[in-house]
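There are 2 protein chains.
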Amino acid sequence: MRQHQALEALQSQLNYQFNDNTLLEQALTHRSAKGAHNERLEFLGDSILGFIIAAKLFEIFPNADEGQMTRLRAKLVKEKTLAEVANELSLGDLLSLGGGELKSGGFRRASILSDAFEALLGAIYLDSGVKSVNQVIDSLYQSRYQKLSLSMAEKDPKTQLQEWLQGRQKSLPEYEVTRSEGQDHNRTYWVQCTVAGANLSTEGQGSSRRKAEQSAAQKMMEQIKHGN
Amino acid sequence: MRQHQALEALQSQLNYQFNDNTLLEQALTHRSAKGAHNERLEFLGDSILGFIIAAKLFEIFPNADEGQMTRLRAKLVKEKTLAEVANELSLGDLLSLGGGELKSGGFRRASILSDAFEALLGAIYLDSGVKSVNQVIDSLYQSRYQKLSLSMAEKDPKTQLQEWLQGRQKSLPEYEVTRSEGQDHNRTYWVQCTVAGANLSTEGQGSSRRKAEQSAAQKMMEQIKHGN
Chain A
1 MRQHQALEAL QSQLNYQFND NTLLEQALTH RSAKGAHNER LEFLGDSILG FIIAAKLFEI
61 FPNADEGQMT RLRAKLVKEK TLAEVANELS LGDLLSLGGG ELKSGGFRRA SILSDAFEAL
121 LGAIYLDSGV KSVNQVIDSL YQSRYQKLSL SMAEKDPKTQ LQEWLQGRQK SLPEYEVTRS
181 EGQDHNRTYW VQCTVAGANL STEGQGSSRR KAEQSAAQKM MEQIKHGN
Chain B
1 MRQHQALEAL QSQLNYQFND NTLLEQALTH RSAKGAHNER LEFLGDSILG FIIAAKLFEI
61 FPNADEGQMT RLRAKLVKEK TLAEVANELS LGDLLSLGGG ELKSGGFRRA SILSDAFEAL
121 LGAIYLDSGV KSVNQVIDSL YQSRYQKLSL SMAEKDPKTQ LQEWLQGRQK SLPEYEVTRS
181 EGQDHNRTYW VQCTVAGANL STEGQGSSRR KAEQSAAQKM MEQIKHGN
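Protein sequence lines correspond, in order, to chains A and B.
All residue numbers for the first sequence refer to my numbering, where the first residue is 1 and numbers rise by one.
All residue numbers for the second sequence refer to my numbering, where the first residue is 1 and numbers rise by one.
Please keep in mind that the hints were generated in silico from the structure rather than gathered at the bench.
Misleading hints may appear alongside valid ones.
The list cannot tell twin chains apart, which means a pair is met if one copy fits it or any two copies do.
[As the list claims (entries may be wrong)] With a Cα cut of at most 25 Å, we get these calculated SDA-like pairs of lysine to any residue:
{"#": "1", "residue 1": "56", "residue 2": "25"}
{"#": "2", "residue 1": "56", "residue 2": "31"}
{"#": "3", "residue 1": "34", "residue 2": "63"}
{"#": "4", "residue 1": "155", "residue 2": "31"}
{"#": "5", "residue 1": "75", "residue 2": "98"}
{"#": "6", "residue 1": "56", "residue 2": "36"}
{"#": "7", "residue 1": "211", "residue 2": "62"}
{"#": "8", "residue 1": "78", "residue 2": "180"}
{"#": "9", "residue 1": "131", "residue 2": "19"}
{"#": "10", "residue 1": "34", "residue 2": "61"}
{"#": "11", "residue 1": "34", "residue 2": "62"}
Generate the whole structure from the sequences, applying the supplied hints.
Okay, structure coming up:
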């Protein structure tokens, strides 16, 4: 059961008091539960968050270019970040979920938490407008804004490597999984990156194929640039 | 040369008067030209537009689900639509472009026009806030909002077909270009769509491979659903 006290605690943490409590209730109701659920609010909140964060990045990084701002924003609005914010607000304890989701631990799932956080922002917007959402986001993101730097807006190693090679009319890198080890939920992948034209190859490892590729690409960039 | 009069005419058409004219000038300056260009403003304007349109769709379609609103928004913010709005505002005549872009007719290019329109919205936001941008977008999109209906939010035929087949555990459709005719800039493609499990095949045509595939998928849906 959702507790009145817990909803009060949430609003106090947000430093925002809802005029219309049904909006707050709806934001915390997953599609799997009965009654008005939060999917439409999530759509709204997602678009508000994207705008508020864009405007803030524009302000705090007057020299960032469009690509850098786009990459910084992606970090701030990705599911993992939103689920972190949702956890700081203990949204999981407040969610209404249907039986199936409840049993399978849906209140801990990043996608459900992140959606609920976006829906909460949408609800605040409907309840009292852009300015209130802006204040709430500013306060929740304060520490994240402070940790940001333009160096975090660099392209990922695979993109960097590809652009570097393309800019020099060299053949593109190839990635191949050479082996993997461990159980499904705890697997390690090894990937070999080869640049045919340069006659170079590197190996990277990671907990997913993608991570292993990025690691191999990173090493390739280092080899090419510094010859080590 | 950009004319003072033309800038006045634009502002009158927008029903918005800039306090800071340098923002207006910057919004109309492509990266290829000298001076402060519009890429950062475009980033800002893009996010504002996404939010304003989302909020509007939320309001005018109280029964639309998240997916429908997402697809309707995509129609309203895609490059082609934005370039149309930019053309209604004659933005092409007002753009500052570098020599290369000027020669190659950049002022007519959809991507450049669409970017300039987004930058204009970003400039209005910086000049006087969300409310002003909202009014400008509302007025420019009025006729487009009126033409919208939920039936336009349907998924495209290929997606519909795939989901229909997946929902019935049937094998997925295959698409194959069977022939193409005409010059590069005016080519017609024929694509055959085959659903192995159902022992059916249809043919579609279009000015691109994608369009021909959609047409073939549309016909396949009709065959499957209505047996014609």
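Hint-by-hint comparison with the structure:
no. : hint     : verdict
1   : 56 x 25  : between (29 Å within a copy, 22 Å between copies)
2   : 56 x 31  : between (31 Å within a copy, 23 Å between copies)
3   : 34 x 63  : between (48 Å within a copy, 17 Å between copies)
4   : 155 x 31 : between (36 Å within a copy, 21 Å between copies)
5   : 75 x 98  : neither (30 Å within a copy, 33 Å between copies)
6   : 56 x 36  : between (32 Å within a copy, 20 Å between copies)
7   : 211 x 62 : neither (32 Å within a copy, 42 Å between copies)
8   : 78 x 180 : neither (27 Å within a copy, 42 Å between copies)
9   : 131 x 19 : both (15 Å within a copy, 22 Å between copies)
10  : 34 x 61  : between (44 Å within a copy, 22 Å between copies)
11  : 34 x 62  : between (47 Å within a copy, 19 Å between copies)
Hints 5, 7, 8 from the list above are not met by this structure, while the remaining hints are.
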